[in-house]
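Protein chains: 2
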Amino acid sequence: LGSPKLGTLQEKGKTQFTFNGSQWNQNFFQVVLDLLPALDGDLKTLNFLQEVVDILLAYIVESFDRSTKVIDFHYPNELLQRNNWELSDEPETLDDILISCRATLKYAIKTAHPRYFNQLSTGLDMVGLAADWLTSTANTNMFTYEVAPVFVLLEYVTLKKMREIIGWENGRGDGIFSPGGAISNMYAMLLARYKMFPEVKEKGMSSVPKLVAFTSEHSHFSIKKGAAALGIGTESVICIKADERWVWIIHSDISHGYVPFFVSATAGTTVYGAFDPLIAISDICKKYGIWMHVDGAWGGSLLMSRKHRWKLNGVERANSMTWNPHKMMAVPLQCSALLVREEGLMQSCNQMHACYLFQQDKHYDLSYDTGDKALQCGRHVDIFKLWLMWRAKGTIGFEAQIDKCLELSEYLYNKIKDREGYEMVFDGKPQHTNVCFWYLPPGLRYVEDKVEKMKRLHKVAPTIKARMMEYGTTMVSYQPQGDKVNFFRMVISNPAATFEDIDFLIEEIERLGQDL
Amino acid sequence: LGSPKLGTLQEKGKTQFTFNGSQWNQNFFQVVLDLLPALDGDLKTLNFLQEVVDILLAYIVESFDRSTKVIDFHYPNELLQRNNWELSDEPETLDDILISCRATLKYAIKTAHPRYFNQLSTGLDMVGLAADWLTSTANTNMFTYEVAPVFVLLEYVTLKKMREIIGWENGRGDGIFSPGGAISNMYAMLLARYKMFPEVKEKGMSSVPKLVAFTSEHSHFSIKKGAAALGIGTESVICIKADERWVWIIHSDISHGYVPFFVSATAGTTVYGAFDPLIAISDICKKYGIWMHVDGAWGGSLLMSRKHRWKLNGVERANSMTWNPHKMMAVPLQCSALLVREEGLMQSCNQMHACYLFQQDKHYDLSYDTGDKALQCGRHVDIFKLWLMWRAKGTIGFEAQIDKCLELSEYLYNKIKDREGYEMVFDGKPQHTNVCFWYLPPGLRYVEDKVEKMKRLHKVAPTIKARMMEYGTTMVSYQPQGDKVNFFRMVISNPAATFEDIDFLIEEIERLGQDL
Numbered sequence: 001l002g003s004p005k006l007g008t009l010q011e012k013g014k015t016q017f018t019f020n021g022s023q024w025n026q027n028f029f030q031v032v033l034d035l036l037p038a039l040d041g042d043l044k045t046l047n048f049l050q051e052v053v054d055i056l057l058a059y060i061v062e063s064f065d066r067s068t069k070v071i072d073f074h075y076p077n078e079l080l081q082r083n084n085w086e087l088s089d090e091p092e093t094l095d096d097i098l099i100s101c102r103a104t105l106k107y108a109i110k111t112a113h114p115r116y117f118n119q120l121s122t123g124l125d126m127v128g129l130a131a132d133w134l135t136s137t138a139n140t141n142m143f144t145y146e147v148a149p150v151f152v153l154l155e156y157v158t159l160k161k162m163r164e165i166i167g168w169e170n171g172r173g174d175g176i177f178s179p180g181g182a183i184s185n186m187y188a189m190l191l192a193r194y195k196m197f198p199e200v201k202e203k204g205m206s207s208v209p210k211l212v213a214f215t216s217e218h219s220h221f222s223i224k225k226g227a228a229a230l231g232i233g234t235e236s237v238i239c240i241k242a243d244e245r246w247v248w249i250i251h252s253d254i255s256h257g258y259v260p261f262f263v264s265a266t267a268g269t270t271v272y273g274a275f276d277p278l279i280a281i282s283d284i285c286k287k288y289g290i291w292m293h294v295d296g297a298w299g300g301s302l303l304m305s306r307k308h309r310w311k312l313n314g315v316e317r318a319n320s321m322t323w324n325p326h327k328m329m330a331v332p333l334q335c336s337a338l339l340v341r342e343e344g345l346m347q348s349c350n351q352m353h354a355c356y357l358f359q360q361d362k363h364y365d366l367s368y369d370t371g372d373k374a375l376q377c378g379r380h381v382d383i384f385k386l387w388l389m390w391r392a393k394g395t396i397g398f399e400a401q402i403d404k405c406l407e408l409s410e411y412l413y414n415k416i417k418d419r420e421g422y423e424m425v426f427d428g429k430p431q432h433t434n435v436c437f438w439y440l441p442p443g444l445r446y447v448e449d450k451v452e453k454m455k456r457l458h459k460v461a462p463t464i465k466a467r468m469m470e471y472g473t474t475m476v477s478y479q480p481q482g483d484k485v486n487f488f489r490m491v492i493s494n495p496a497a498t499f500e501d502i503d504f505l506i507e508e509i510e511r512l513g514q515d516l
Numbered sequence: 001l002g003s004p005k006l007g008t009l010q011e012k013g014k015t016q017f018t019f020n021g022s023q024w025n026q027n028f029f030q031v032v033l034d035l036l037p038a039l040d041g042d043l044k045t046l047n048f049l050q051e052v053v054d055i056l057l058a059y060i061v062e063s064f065d066r067s068t069k070v071i072d073f074h075y076p077n078e079l080l081q082r083n084n085w086e087l088s089d090e091p092e093t094l095d096d097i098l099i100s101c102r103a104t105l106k107y108a109i110k111t112a113h114p115r116y117f118n119q120l121s122t123g124l125d126m127v128g129l130a131a132d133w134l135t136s137t138a139n140t141n142m143f144t145y146e147v148a149p150v151f152v153l154l155e156y157v158t159l160k161k162m163r164e165i166i167g168w169e170n171g172r173g174d175g176i177f178s179p180g181g182a183i184s185n186m187y188a189m190l191l192a193r194y195k196m197f198p199e200v201k202e203k204g205m206s207s208v209p210k211l212v213a214f215t216s217e218h219s220h221f222s223i224k225k226g227a228a229a230l231g232i233g234t235e236s237v238i239c240i241k242a243d244e245r246w247v248w249i250i251h252s253d254i255s256h257g258y259v260p261f262f263v264s265a266t267a268g269t270t271v272y273g274a275f276d277p278l279i280a281i282s283d284i285c286k287k288y289g290i291w292m293h294v295d296g297a298w299g300g301s302l303l304m305s306r307k308h309r310w311k312l313n314g315v316e317r318a319n320s321m322t323w324n325p326h327k328m329m330a331v332p333l334q335c336s337a338l339l340v341r342e343e344g345l346m347q348s349c350n351q352m353h354a355c356y357l358f359q360q361d362k363h364y365d366l367s368y369d370t371g372d373k374a375l376q377c378g379r380h381v382d383i384f385k386l387w388l389m390w391r392a393k394g395t396i397g398f399e400a401q402i403d404k405c406l407e408l409s410e411y412l413y414n415k416i417k418d419r420e421g422y423e424m425v426f427d428g429k430p431q432h433t434n435v436c437f438w439y440l441p442p443g444l445r446y447v448e449d450k451v452e453k454m455k456r457l458h459k460v461a462p463t464i465k466a467r468m469m470e471y472g473t474t475m476v477s478y479q480p481q482g483d484k485v486n487f488f489r490m491v492i493s494n495p496a497a498t499f500e501d502i503d504f505l506i507e508e509i510e511r512l513g514q515d516l
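Which chain is which? The protein sequence lines are A and B, in order.
The opening residue of the first sequence carries number 1 in full-length UniProt numbering; numbering runs sequentially from there.
The opening residue of the second sequence carries number 1 in full-length UniProt numbering; numbering runs sequentially from there.
Only chain A is shown next, with the shape it has when bound in the complex:
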């Protein structure tokens, strides 16, 4: 009775079995009966997992090797045909599984590669990776202390530490790790609405006046996405331009009968890396009694740097803050925190008292059963990788890593700002690691017809980017913005990048773009 029971199994021959009344070939039983929880599956399991780990270790070492490609790019239809990705009724063998692992990595992006600059999240931290492997192995859920005692405590310890760094007294307040910055921002908007109109939870938006939220023009799209989801509507999100006066606009909306309930200031915009003036904004929020949120998904990590944290001066006045350690702190995806100044609000806003999960007569301190304050029911363990990396580096290790990325970014800025063929998209030194620029190929530099020039320039970045991916040498993002044609947005969050990689990027842009 100690062996796994899988229905009625009758051996018929060497490769044919009758199972639950049907005939199947032997493959089916290899995986199910060889690996744990199969009786005596220990050794085969260890061999199998070790083979997978060997594949992963080779991939890791290769990822940091500058002579390898960042990507072995293929178009979707081509990639679909280069391998058998289909799912079928019958099982594969363990050897096939290893082949699938190799194929998956062969066509993956090497996000750890020192020349991968494509997103705000780049790099691969070895301690963070080890922590994520442990997290997968522990395979549990964050809803109660009962099922995740250590992880719940580590979340408590880490959120408190982050609130201390924000500057909230004794690290008091609340918070949660959520599945990404967009959801963290949505939480903040939800809390702001509930704080002002607690009846909205039961009665919905029909019980509240016409709400309006404010954010800066270059804020992240998740503010509008959140407003759409929460039934507030995207039209109720007022985007304020950099040169407009917030106070005037907010005052004007109030006199038109709207109720401003939420301001989202951005600490590190996605494209320019700009920081909204938090102190000035907090004064306005205080004056009108509006919830102040700081979206520091990208720029929040600068709080870890004694040299750069002044850019977030005033953040301690905020009611809530989004801060994604998976971006500038290079914690593996996904790791996003929402920090909240008021204690207890998340719980009262979101709790539904499900008695099958949050029993009130348990034998331990129930304040550690934090699941009812989440929008999620099951919640992935995102804390351990951040906590373990923090232990490994200390705060000063994160600081050094962040300072280095900003140093590299300044190096890039200084290198191209007066270089022939380059134009900067915005004036002055970048506030974060975002360096936005146009590259003008030689043939385009002296075109006089402005319309023609812009039309051609608009195609330069996409073409160079496509070539980068086809050669697989590097990856960097581009986009248009307002009336500005496509430009490169270089960001540096990859701890593996060096001055030499910045030099390489510039040489590569020029090599790939010279004929355009």
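Since the hints were made in silico from the structure, they are not lab data.
Mixed in with the good hints there might be a few duds.
The list treats identical chains as interchangeable, and a pair is accepted whether it falls inside one copy or across any two copies.
[As the list claims (entries may be wrong)] In silico EDC-like links for lysine to aspartate or glutamate, alpha-carbon gap of 20 angstroms or less:
| id | residue 1 | residue 2 |
| --- | --- | --- |
| 1 | Lys404 | Asp34 |
| 2 | Lys287 | Glu316 |
| 3 | Lys455 | Glu423 |
| 4 | Lys307 | Asp89 |
| 5 | Lys161 | Glu342 |
Place chain B on chain A using the hints.
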């Protein structure tokens, strides 16, 4: 220039360095300078990761060993003191990191343990685990084909397969893997509202009539949580009792001026494992033009079983379905799918056209850039573990695993339904693996005062559960429900469980409860 640059580093002595103007001890440099991306960090990285893997492999083997504890339980304050969990400015050494990994696992719940029955998600699949380790190593994001070519294709292939299994023609439709069933259900409600009133996206709830949603009494709390978040309000969610007629209630609400927009039928309720009658509900939804959602977070996986899928007959008529492979299919956490019958609706409901992520002039087929249909911006890769497990087992492997859990559950039901000291909470054979029962200790069986008896019975399950955790022998959930005092809710989703483990559970309940 090829070496990592970390600000200005000056050696001062053997254990003291000046770094960015401050003095630090040597520890700081061990982790940062020893491991990749450090120059020549390959060997040290491989050694470090292998040491972590060895710790994990030992933990895995131990987890399946019935002679080990499911949990080494300590109260929160005690656990906080048993180890140093604090974060500090200064770094730890790599040896300390390994110690932290061991301590974390020592106090973790062994969710793979054959006697862990506490949640709907239990067990640890070896192929799923290997896939999750690969996912962590690939460390990327689901928003575009550009950064996750293989994973985006695998999501496409898998969602299509799941829609085929639901019974939608040629597997057509849409879907997404979301961070858990609660969010999947919220997506469905969001889509239903948008489908009926597309202007709600821009104009918010003030532009639409008073909405009302319907679900069954025993549905998951996330339906109300979603309604609260989306600005609909929990009072607009009507919970219909098992013996009430849906059609009458819906009709009555319409005549009172409400607009019914959403019905969430449950396929496998959390506590009882009951299935709503989907065909009857679909007729009502069709009659009134209401979006029909099936919350199959728990029961959806029964679609994989030829023997049990009839319980979801009618699901093919639904507009959307939540289906969590991380529950009954034992895929590692987190893996939840929302499947949607109408193509393109998710995109139009949620898209915000962020031009820095979803550039329209890329060189490949943009239909694979699926990120804009998500509520999230960055989205964790949850697909690979499901896909790889499906390859390893085939559909028939999942079927065998699911059928076995239901067989075990029937075994438990038959064993206790007439056994002295047991009372079943609901009549008849369970539809899913949920077996709900009271255990009455000998001293309680003949108490005549009903109030006194119920009062004492209410404390039995919590006390036995607390003792289970203190002994660490097994874990099973309990809860009250309506006017019913605390009862045990046994669920079986753990592929490691056997008939012997069911026998053990019963013996253990009797051993721990005999004196109560």
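Hint check results:
Taking the shortest Cα distances, Lys404 and Asp34 sit within 20 angstroms of each other only across copies (17 angstroms), while inside one copy they are farther apart (48 angstroms). Taking the shortest alpha-carbon separations for Lys287 and Glu316, only the intra-copy value of 17 angstroms comes in at or below 20 angstroms, while the best inter-copy value is 54 angstroms. With identical chains, the CA atoms of Lys455 and Glu423 are at most 20 angstroms apart within one copy only, with a shortest distance of 16 angstroms there and 78 angstroms across copies. For the homomeric pair Lys307 and Asp89, the shortest alpha-carbon distance between copies (15 angstroms) is at most 20 angstroms, but the shortest distance inside one copy (58 angstroms) is not.
In this assembly of identical chains, the alpha carbons of Lys161 and Glu342 lie at most 20 angstroms apart only when taken from the same copy (16 angstroms versus 45 angstroms across copies).
The structure meets every hint from the earlier list without exception.
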